[in-house]
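The listed protein sequences derive, respectively, from chains A and B.
Residue numbers for the first sequence follow the working numbering, so the first one is 1 and each next one is one higher.
Residue numbers for the second sequence follow the working numbering, so the first one is 352 and each next one is one higher.
Do not take every clue at face value.
[Claimed, not checked] A short list of chain A residues far from chain B (calculated; beta carbon distances all over 10 Å): (1) V22; (2) G33; (3) E78; (4) R80; (5) N88; (6) H94; (7) A113; (8) A152; (9) N168; (10) E273; (11) A275.
[Said to hold, decoys possible] PhoX-like, lysine-lysine: derived pairs with alpha carbons at most 20 Å apart: (12) B:K557 x A:K79; (13) A:K109 x A:K134; (14) B:K465 x A:K109.
Everything labelled a hint here was simulated from the structure, so no lab data went into it.
Even glycine gets a Cβ: it sits at the ideal position worked out from N, Cα and C.
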Amino acid sequence: MAGQRFAELHLDHVRRVFGDTVALKGMDLTIKGGEFVALLGPSGCGKSTALNCLAGLLPLTGGRITLDGRRIDDLPPEKRGFGMVFQNYALFPHMSVRRNVGFGLSMRKTPRAELTRRVDEAVRLVQLEEHQHKFPAQLSGGQQQRVAIARAIVLEPPLVLMDEPLSNLDAALRLEMRTEIRRLHQSLGLTTVYVTHDQEEALALADRLVVLRLGEVQQVGSPEEVYAHPVNRYVAGFMGYRNMIPVTVTAQDDERATVRADGVELVGVKSEEVADSAVAAVRPEDFAVVTEAGENTLDATVEIVEYHGREQAVEARLRDGTQLHVRTNSRLAPGDAIRLRVPVERVLVFS
Amino acid sequence: MTALPSLRDQRSLERASLKHRLAEKGVDRVLWLLVPGAVFVVLLFVYPFLYGLQLSFQPKGGGNPFQNYITFFSDEYSAETVWITLRLGLPAALFNVLASIPIAFRMRGRFRGKRALTTLLVVPITLGTVLTAEGLLAFFGPTGWFNRIWIALGADEPAKLTHNYWGVLFSLVITGFPFAFLLTLSYLSGIDPTLEQAAATLGASKRQRFRTITMPLLAPGLAVTFCLSFVLAFSVFPSAVMVGNPAGETHVMSIAAYETALRDNDFAMGSAIAMLMALVMLIVIGVVLIWRTTLYRGATGGKG
Ligand SMILES: Nc1ncnc2c1ncn2[C@@H]1O[C@H](COP(=O)(O)OP(=O)(O)OP(=O)(O)O)[C@@H](O)[C@H]1O
Ligand SMILES: [Mg+2]
């Protein structure tokens with residue numbers, strides 16, 4: 001099986017309004033054939049809306065969608081032929097696993113022998129051979145999810161859309177299915193758009209991330225880019241920069257900014273012009289507990305210590321009352337006075 | 352002192368465990384709540400039914416206990432009522448169910464004026480059969496609006512739409528449709544709309560989605576709707592008298608039972624007719640429900 005490839009799917013100012021909520025504010029995005037794109041953002045940011053617009057289940061309020069230059073946003077879903085995996089799976093309850101998987105093929109009047117062969121292949125691919133004659137109600141969540149995936153990919157659609165397909169599963173199964181989805185993507189070369197609110201899932205799966213907020217695209221980039229160089233404090237917060245230390249900017253050049261926090265100087269990198277009062281974003285794991293004084297250090301007092309196996313999660317407080325989240329291998333106890341150092345390139349200054 | 356519990360303690364322990372054992376089987380004090388309902392059912396349903404049943408086996412003239420039933424079927428005028436009533440009840444129920452499908456289908460989503468339209472469709476329930484019948488007489492009668500327009504359009508004589516089969520059928524449709532519609536709408540709303548969306552993304556056209564997803568999931572509900580509509584239509588009485596021809600074309604079973612029992616004072620024979628009515632309804636419902644199970648299995652059976 002190999003998906004019918006396309007070169008480029010283009011979203012041009014795609015807009016969707018519900019009454020007076022703007023769910024999608026003019027989204028621009030280009031998806032290349034074979035790519036795995038993750039739409040990432042918190043609840044209510046318009047991820048499902050974007051996916052439904054792509055699938056044709058929601059009419060656009062404005063903008064256009066073109067596939068290799070051909071306009072497709074006025075086609076009904078059955079004419080677009082994009083596969084979709086729904087958040088609640090939407091398996092047909094009155095059909096067996098095989099008939100669910102074969103549904104799309106039988107709608108296309110595929111000859112019987114070919115239908116049987118392709119359904120066999122898809123069922124084998126998602127490892128459901130022994131359950132293929134059961135009904136959806138007789139399957140576990142993970143099995144239902146695999147039926148939903150098999151049903152969408154058996155048609156070898158040019159584009160597969162997945163709406164938080166793992167959100168109903170427990171943690172262990174979620175990891176397992178995540179690997180499975182990535183494996184399917186690699187072996188079939190299907191272009192995939194994957195919606196999730198879990199940054200870890202998005203980083204693990206995608207070739208490219210699209211971070212959304214309130215219906216607006218914040219950043220598009222590879223997982224490394226978005227993880228290491230978030231463009232604003234919102235994306236940084238979403239990417240695990242849990243410490244947002246309020247600072248005053250004392251000097252800045254093209255790349256770096258010198259800021260004052262809690263009475264000490266810190267140097268950090270910046271990706272945008274910053275005003276005098278700004279925030280310095282630091283990941284909990286980028287702090288190192290040190291003894292000697294030096295550049296880019298902060299003094300804090302340990303308040304709460306959580307044991308996380310190899311590491312400890314520590315909540316500490318600066319003298320001015322700012323709370324810090326720190327992850328460290330050092331063994332600390334509440335009340336300890338500690339000194340924390342953070343490398344210059346790990347301090348991101350945002351306005 | 353020994354560590355053994357005294358005899359009295361043991362007994363109270365046993366008593367407690369008996370209570371728990373009963374509760375396990377669903378026997379507890381909440382059961383008393385059933386008493387008023389049970390009394391009601393026995394007094395108002397079971398007793399009259401059994402009384403009527405035994406009465407039907409005691410023909411007025413004595414003799415063969417089945418005499419009433421034999422008389423009913425040997426007299427062509429009374430035997431024909433079964434066919435007459437079926438000829439009204441079945442098409443009315445079928446029409447009401449079939450007509451409610453597309454309307455309920457349209458009314459599923461949210462749109463402006465939905466509440467007004469629903470009210471309009473449901474109002475006939477509140478009208479009562481007599482008012483509906485009077486309305487029908489005024490509208491479809493020989494000098495009613497319908498026939499005035501009919502004549503104005505060039506017809507030679509007024510269409511005969513009241514005091515016959517058609518009048519009663521119209522009345523059954525008007526009063527029965529709201530029930531069928533409300534039931535169908537609630538069954539239809541119970542079907543997850545994402546199923547149809549999923550079918551659409553898999554390439555199914557509107558018609559294919561209706562045939563392969565909506566209909567199979569709706570059919571069991573439609574069967575129940577049909578049964579209830581049929582029962583309502585089958586016991587037709589006032590409209591058969593008012594807009595029908597109660598001595599001829601619309602001499603339905605309920606009129607036959609009424610006339611025998613209260614005009615001819617033959618309660619035993621009247622009971623026999625009432626029992627036959629129940630039997631015919633049970634047969635129709637039984638057939639529909641059997642069809643329902645095969646139909647549902649067929650759709651879920653994974654052949655194909
Ligand atoms: N049918 C609708 N009618 C009105 N408002 C809607 C409708 N669907 C979505 N919205 C609004 O549009 C916004 C985006 O919704 P959307 O379902 O796309 O969010 P999401 O990112 O998928 O969230 P989640 O992660 O919770 O699924 C929300 O503010 C929501 O309230
Ligand atoms: Mg969503």
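What hint numbers does the structure not satisfy?
Structure breaks hints 3, 4, 5, 6, 8, 13, 14.
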